[in-house]
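Residue numbers for the sequence shown follow our numbering, so the first one is 1 and each next one is one higher.
It should be emphasised that the hints constitute simulated quantities derived from the structure, not laboratory data.
In this text the structure is predicted, and so the values were computed from the model without any measurement.
Treat the hints with care, as some may be off.
[Stated by the list, open to error] The calculated lysine-lysine pairs, modelled on DSSO-like cross-linking and capped at a C-alpha distance of 27 Å, are:
1) Lys113 to Lys28
2) Lys28 to Lys45
3) Lys35 to Lys16
4) Lys35 to Lys21
5) Lys21 to Lys113
6) Lys88 to Lys8
7) Lys76 to Lys45
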Amino acid sequence: MTPSIVSKDAFVGTWKLAELKSVDKEQKISYPYGKNPVGHIIYTKEGYMSASIMMSNRLNLGLSMEEIQNLRNVSKLQLITNILKYIKVTFRYFMAARNYISYSGKYEIRDNKVIHHVEVSLIPDWTGIDLERNFELSEDILVLTASSVGNTFYLTWQRVS
1 MTPSIVSKDA FVGTWKLAEL KSVDKEQKIS YPYGKNPVGH IIYTKEGYMS
51 ASIMMSNRLN LGLSMEEIQN LRNVSKLQLI TNILKYIKVT FRYFMAARNY
101 ISYSGKYEIR DNKVIHHVEV SLIPDWTGID LERNFELSED ILVLTASSVG
151 NTFYLTWQRV S
């Protein structure tokens with residue numbers, strides 16, 4: 001579909017991540033979320049979007065649901081007496097966040113770009129900014145491209161619904 005004639009309606013639906021690769025200035029290809037990342041991007045007819053991407057083989061935190069829910073309430077004494085456990089958990093939290101990205105907000109189509117107006121994000125610095133993505137769209141395949149720090153990222157999405 002030629003970008004100049006694409007409407008929001010063509011984006012509406014749920015898309016599953018098929019591939020995410022990065023190409024640097026020397027044309028070297030890398031896979032920042034591994035070769036089998038998992039993710040979805042959802043576009044609504046009301047003009048909202050949500051994207052989540054993660055590495056498929058992330059480490060479990062090694063905590064029960066109750067322990068995860070109570071982490072915010074850990075006292076200094078508990079932290080000190082269980083320091084090794086919490087160092088391990090902190091490292092796993094860091095790795096879990098490092099291998100995951102999620103954001104959402106309103107979106108608009110402008111020429112050959114889709115602009116994501118970020119309202120909520122795992123990365124606090126992204127909240128309130130616009131992420132512009134070039135796109136190529138066929139019936140069931142959406143390819144978004146973005147450049148950052150000398151790399152071009154190619155995100156290929158397969159329509160689910």
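Against the structure, the hints:
1. Lys113 to Lys28: Roughly 25 Å separates the two Cα atoms, so the pair holds.
2. Lys28 to Lys45: Judged against 27 Å, a Cα distance of about 37 Å means the pair is violated.
3. Lys35 to Lys16: Roughly 15 Å between the alpha carbons, so the hint for Lys35 and Lys16 holds.
4. Lys35 to Lys21: holds (8 Å)
5. Lys21 to Lys113: The hint holds at about 19 Å.
6. Lys88 to Lys8: violated (45 Å)
7. Lys76 to Lys45: violated (47 Å)
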